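Student: Chain by chain, the residues run as shown.
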Amino acid sequence: DAKTTQPTSMDCAEGRAANLPCNHSTISGNEYVYWYRQIHSQGPQYIIHGLKNNETNEMASLIITEDRKSSTLILPHATLRDTAVYYCIVSSKYNFNKFYFGSGTKLNVKP
Amino acid sequence: DAGVTQSPTHLIKTRGQQVTLRCSPKSGHDTVSWYQQALGQGPQFIFQYYEEEERQRGNFPDRFSGHQFPNYSSELNVNALLLGDSALYLCASSFPTVAGFERYEQYFGPGTRLTVT
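Which chain is which? The protein sequence lines are A and B, in order. Using the working numbering, the first residue of the first sequence is number 1275, and each one after it goes up by one. Using the working numbering, the first residue of the second sequence is number 1090, and each one after it goes up by one.
Chain B extracted, bound-state conformation (with noise of 0.2 Å):
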């Protein structure tokens, strides 16, 4: 069973271009969260997609947007880049919750490591 798998694995854009960062969840999974991590500190929790929407988003600013497919999958779109996005973007997959069933595990997949210059 693959887990959480992201693409790519390392990108280095210009100030003021556009990414697509790509996440494929856990097998059985239909929840994806989006975590930012800069170097030194813990990730930052960007969004959440279920069901094709953004159901909660953290302290980010428009310039992060997502999508999720009908498969689950999802991405992270980030406009006009700064040098302060330089991180590492972490894909998180989970089942969701429902009331009576406790779920309490997100799988990480390694991240995509973005470099701004």
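The following block holds chain A by itself, in its conformation from the complex (with noise of 0.2 Å):
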């Protein structure tokens, strides 16, 4: 599987949308991005995940560049509840229970 690079720690104020880049120069084709979110002291919990198309649901919007190396998380409104680690993973749909993760995004949302 391909690896990701994530920036170790972002600040977003309360009420603003956060940006959490992914770079993932080396995925193929045939893999997908997954995002998943670790709150302190819990389980990853899923978030979205795509293969080149731009994708949204209740939680958050993510934004695939054309060539695929690169993606955005983009959580539209921020709120204290956001505060978490933001793992970019990128694994092909028949590995999706296989995951490697990085290191993550500390995400800090401050009032």
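Hints are computed from structural coordinates only; laboratory data are not their basis. Bear in mind that the values here come from a model prediction, so they are computed numbers and not experimental data. There could be a bad hint or two in this list.
Covered by chain B, according to a simulated footprint, are these stretches of chain A (three or more residues, beta-carbon under 8 Å) [stated by the list, open to error]: (1) 1291-1300; (2) 1313-1319.
Going by beta-carbon spacing under 7 Å, a handful of chain B positions derived as facing chain A [to be verified]: (3) G1131; (4) F1149; (5) L1179; (6) G1200.
For every residue, glycine included, the Cβ atom is placed at its ideal position computed from N, Cα and C.
Take each chain as given, in its own frame, and dock them per the hints.
Tutor: Below, the structure is given as structure tokens:
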């Protein structure tokens, strides 16, 4: 599975959009981009995933560049409860339950 | 609907001892994966069980073993504990990958915090 690079930490003001970047330059054609988050002392939680089209659900939007070498997770209106570590994972859909997590981005939402 | 449950919540063991951690998957799920998460790091894949067999394994020694029962629940066993085995152990369940059906989500339990002294 391709590796990902994420910033170690980011700050965001409450109510503003949080944009979390991820680089995955070695992604292959059959690999998806998955995003999970882990709130302190809890298990990771699925947020969203995509292959090449932009995706949106009730939690977030995922923007994938045309060359698929990077992506951005967007939380449109961040709340204090969104403070967590966000993991960007690249994996084929047949390996989605054997993920290689990196260190993720710690998002700090501030009032 | 209960999600993924794990027991115990916390555990303290001594070096050299053996430990068994337990996981019950989310209702309807039959695939269980185990992860180890050291402090400040992302989860590391240990192995996955499906149909009561180990299907995939990460880079972990044979001291780490597991089992899956007919009701899909699972156990993680670690023998000859080392100080470095201190971590949060996470269980995740999912549907199996079946051709034509896209499965993309794992559901994680709250984890078992293991401390080895």
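Student: Are the hints correct? Go through all of them and say.
Tutor: For each hint, the structure was consulted:
For the stretch 1291-1300 of chain A, the assignment as covered by chain B is violated, since 0 residues bring a beta-carbon within under 8 Å of that chain's beta-carbons and 3 are needed. Under a criterion of three residues with beta carbons nearer than 8 Å to beta carbons of chain B, the stated coverage of the stretch 1313-1319 of chain A is upheld, 5 such residues being counted. The criterion of a C-beta within 7 Å of any C-beta in chain A is met by B/G1131, whose closest approach is roughly 3 Å, and the hint holds. About 13 Å separates the beta-carbon of B/F1149 from the nearest beta-carbon of chain A, more than 7 Å, and the hint is not met.
Interface restraint check for B/L1179: the shortest CB-CB distance to chain A comes to about 5 Å, inside 7 Å, so the restraint holds. Annotation: interface hint on B/G1200 holds; nearest CB of chain A at approximately 6 Å, less than 7 Å.
In the structure shown, a violation is registered for the earlier hints numbered 1, 4, in ascending order.
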